[in-house]
Structures are given as structure tokens and as C-alpha cells.
Amino acid sequence: MNLASAYTPRVRYPVLPSLETVAAWLLALIWIFPLLYAFWAAFHPGEFMVNLEPFAPLTLDNFIEAWAQAPFGRYYLNTFALVAGVVLAQFVVCTLAAFAFARFPIPGKNVLFMLVLIQLFVFPEVLIVENYRIASGLGLVNTITGIGLPYVASAFGIFLLRQTFKTIPRELEDAARIEGCNWLEILWKVYVPLAKPTYLAYGLVSISHHWNNFLWPLVVTNSVESRPLTVGLGVFSAPETGVNWATVSAATLLSIAPLLVAFLLFQRQFVQSFLRAGIR
Amino acid sequence: MTLTAHRKMQLYGALLLLPAAVLLATFAYLPTVMTVINSLFLPGFRGEPAEFVGIENYQMLFDDPTFWQVARNNLLYALGTIPTSIALALGMALFVNGKLPGRGFVRMAYFTPTILPMIAAANIWMFFYAPQIGLFNSLLERLGFSGINWLGDPSVALGSVIVMSIWKEAGFFMIFYLAALQSLPPDLKEASDLEGTSRWSFFWRVTFPLLMPTTLFVLINALINAVRVVDHLFILTKGGPNNATNLLLYYVYENAFSFFDRTTAATITVVILLVLAVVATLKFTILDRRTHYQ
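Chains A and B, in that order, give the protein sequences. Heads up, the first sequence is in the UniProt record's numbering, so the first residue is 1 and it goes up one at a time. Heads up, the second sequence is in the UniProt record's numbering, so the first residue is 1 and it goes up one at a time.
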């Protein structure tokens, strides 16, 4: 990772920052500004939204207001259930499929694999109309299962895990077989533990994707009972509802807080996960 | 391996694939096929069977000026977001790859928008764009200019949506460039330093060409996103004013769930699927061949 520093002699930063430093920092400040602004707006009374007075009084009223006006507790619960359910189900289904693709002789395997890869381009949200019909035929409308199920057989997960499984030496598998393990035991005791970094990377990307997903959950849910945070926030901040902006900022921060905190704590893992999952 | 053992393996493998196959068939293949079929029929009223009309629905769609406006918007959206966010991403990656005071913070600042839901990002940007009390206009007014109706003026609205999208995407693309930069062999830099090559020509002659596979990869992802991501429209504009910011997938949503015209929705979906098929072909031919040289 730090090959660059191996040959570059250590230089002390000059007293005056270089043009490049100034540009990099300016861009960084522009990029972080909208988020900082949302923080400012959420913690100050509504009338200070625009003039950004440095000594404006701090307040938590906006959060209290937002929490009172929409069932954010319920939205949190739904989102947690959704994300946990989707990620677990993806792990199971994709692991089995990836194992089959990596190690089993299946007739027409390459064609089947190409068929799976199609889903990398044809996402459930592109097919919202028909998927809605199918979900409603299965009685899944307005359920958390209905939001998650179309994403469970993730081509991306199958692809990533297959790549990882293929790099695991067969000798380990043979050793396990001599010990008397059957296929599922081999999968569970040899392949899954060795693929831990892949699971972590895929898990983080999947968590952030499903936490943030909007269009399909919007279509398939129609009440508080099943709405995740994003849809709840979308309903809450629609202009028709006439909620004031300081309250909307507070609601926005409420919806992104867990993911944002997780990101700030595990920044490196997040970035590496996106990278690992992206390079394919 | 005996024949029966081989058979057993095949059966076992098929069983492992089964759950994924059932789910993919239900939520990917079946809906795709149904969408194509629906685009060729007119729905029957009051229990009458649907009527096969062939490509008539497509002719209707292509005669509809709104469709062309939406398609054009989507093209402009792609042209507006993709080159700029890729260029910014490359710049960001070069910044944080070098020595820079506070590099950790700068990197985090660039990447943070990626982690936010599009809906939340749109909520925040809504404050900037709002006509009377929005931040942009109050700044303009303080500088003595008159305010702009960022989201309400048809000639500006799409641009406003594009600016927000660039902010959201650039940091995501940055990490792919950063990874590529860090995997470049350092001896290239050493050699060029010995030759006395300027940083500018080193970038254009060495770094940039070597980053080509990354650029293509990012480009493919950006193209898919330009078709797929419409969440911000729900907050910012609802496709308005006068369809000035309407994009293909949002138009599908509107047709299906606001106008209850599933046939038109299916027809537009097929157009989107064709666009995605072109992108997929691009990826599997050009991109995969290119990256083998690495």
C-alpha cells in the first residue's frame, strides 16, 4: 500500500502550503460542507438556517419534534430487520450457489453463470412494475420480506464468493474429506472461514446498499408497519407535509446517524470493502 | 471418479444452486420476460383478454414527445454527471495519493457522500436550492444578484440535479482510482525523475494511460447509475417542472404507479433493458479484454 513512501525521501512540509494542498483542502471543505450544514441546521432553531450565526443557541428541539411527528422508532426497527435479514439470507443463498459454481460439475455451468451475471445489470428496481405484481401475487406487499427478497440471490455476492472459493487450495478440502466431513461440513469448516474477508467486504457493501435503498421499498410498502427509514424520511420531508426545515434536517440526521457513525468508526473497512467489492 | 459418483456430484451441485435459481427466476428472469410480453399487448378491459398489438406500443411511445424529452434528459444527465465526476474523482485520488497535510480528513470528506442515502443527500441539497430561503439564493442576494429558481426553472433544474449527483458520486469513483494509483509500480516514477520529466507530462504520458482500465470500469458503473438512480427526483423535483428533470426510470414509475398505465411502463422498461444490454456488452467485451493486459 505504501510503496510510494519507500523511495520518496521524507520531506518536511513547507511553511506555506502548496497550491495543490490548498486545492485539495478547498475541495474537501466543499464536499463535507452539505453534511456540516445539515448538522448546523439540525442543532439550531429554524430561524438560523440561512444566516449561520456563530453564536446561535444550540437546541435539541428539532430532534424532539421530528421524533414526535413520524414513527422513527418503528422505521429504525424495520430497517434493522430488513438489513439483517437481507444480509443473512444473501450469505446463505450466495454461499451455496458460489460453492456449486466453484467446485461442482454442473452441465452447462458457464451458461448458467452468465445467466446469473445478467442480474449485475438488470436490478430489481428496473423491473419494479413486474416485480410489484409478483410480490403482490406472493402476498409480500407491505412486508419487510417483500422489500428484501428480490435482492437475496445477488449475482454480485455469488460472483465475489465464487472468486474467493476458487482460490482456496483443494488440498484443504481433501484433508477435510479424509477427516470424514461431508460436503456441507467442508463448506462450513473450510471454505466459509477462509472467505471471511470477502464476507466482511460484501456484508458492509450490502448493509450500506440496503440501508440506503429507496425506490423498490417505496413501491412495495404502503404503511408505517413495513417502511424502512429512507421511505419514512421521503414521506416525512415531502413539501406537502409542511414540516419546517430544521425538523427535516434533524430527521435526515436521525436516518443516517447509525450508518454515518459506523462509517466514521470503521472508515478503513468501509473504503476497502467498497474497493474489494467493486474490483471484479 | 466413477460415473455414479460424478452423477451424485452433479445432483448435489444442482441442489446447491436451487435456492438462487428459484429466486433469480422469480425476481429477474420471469419479470423480464413478462415485461417484454406486456410491451406487445394492450390490456383488455373488464375481463376481456389482452390484445396482441405487436410493436404498436413502441410506435406510440416513439410518437410521444414526452418520451423523447425524458430520453434526452437522461442523456444530458449522463453527459453532465459522468465526465465531471470521473475527472473530479481522478483529481481527488491524485490529491490524497500524494503527501498532504490532513490527508485522512480530506479522504474522508471526499468519500462521505457515498455512504449517505440519495434521499438524505437530496434533503440536504433541497435547503441549498430552495427559492426564497435557500442558502444559494440568500448568498446571491447578499452579493447583490437576484435569486435563481434552481429547481423550478426548466432551464436550470436538470443542471441543479446534475450538480448534486456529481457531489454524490465523485468520492465513490475516487477510491477505484486511488487503488489503481497505489498499485502502479514505483520504478516508473523513479525512471521519469531521473529523466527529468515534468509532473504534468508524467501524468499524461504514464499515469493516465495506465489508469485506462480503471477509467473504463468507473465509466461502466457510472453509465448504469445514470439509468438506475432516480431517488433524488422524489425529493428534489418529482420530474418537473414540465418533465424538465424527468428521467427514464422515474418515467416508468410515474406511468405505472401514478397514471396506472402498465403497458407504457413496460414499453419504457424494455427500452431501459436495451440500454443496459448495450452497457453489459461493452463491459464483457471491451473492459474484460482490456484488463487482461494489466
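You may find that some hints are simply not true.
Quick list of in silico lysine-lysine cross-link-like pairs, DSBU-like style, CA-CA up to 35 Å [claimed, not checked]:
{"id": "1", "chain 1": "A", "residue 1": "LYS196", "chain 2": "B", "residue 2": "LYS283"}
{"id": "2", "chain 1": "A", "residue 1": "LYS166", "chain 2": "B", "residue 2": "LYS283"}
{"id": "3", "chain 1": "A", "residue 1": "LYS196", "chain 2": "B", "residue 2": "LYS8"}
Because the hints were derived from the structure by calculation, they are not lab data.
Hint-by-hint comparison with the structure:
About 28 Å separates the Cα atoms of LYS196 of chain A and LYS283 of chain B, which keeps this hinted pair within 35 Å; it holds. Between LYS166 of chain A and LYS283 of chain B, the direct Cα distance comes to roughly 22 Å. Compliance with the 35 Å bound is thereby established for this hinted pair. In summary, the hint linking LYS196 of chain A to LYS8 of chain B is supported, as the alpha carbons are separated by about 29 Å, within the 35 Å threshold.
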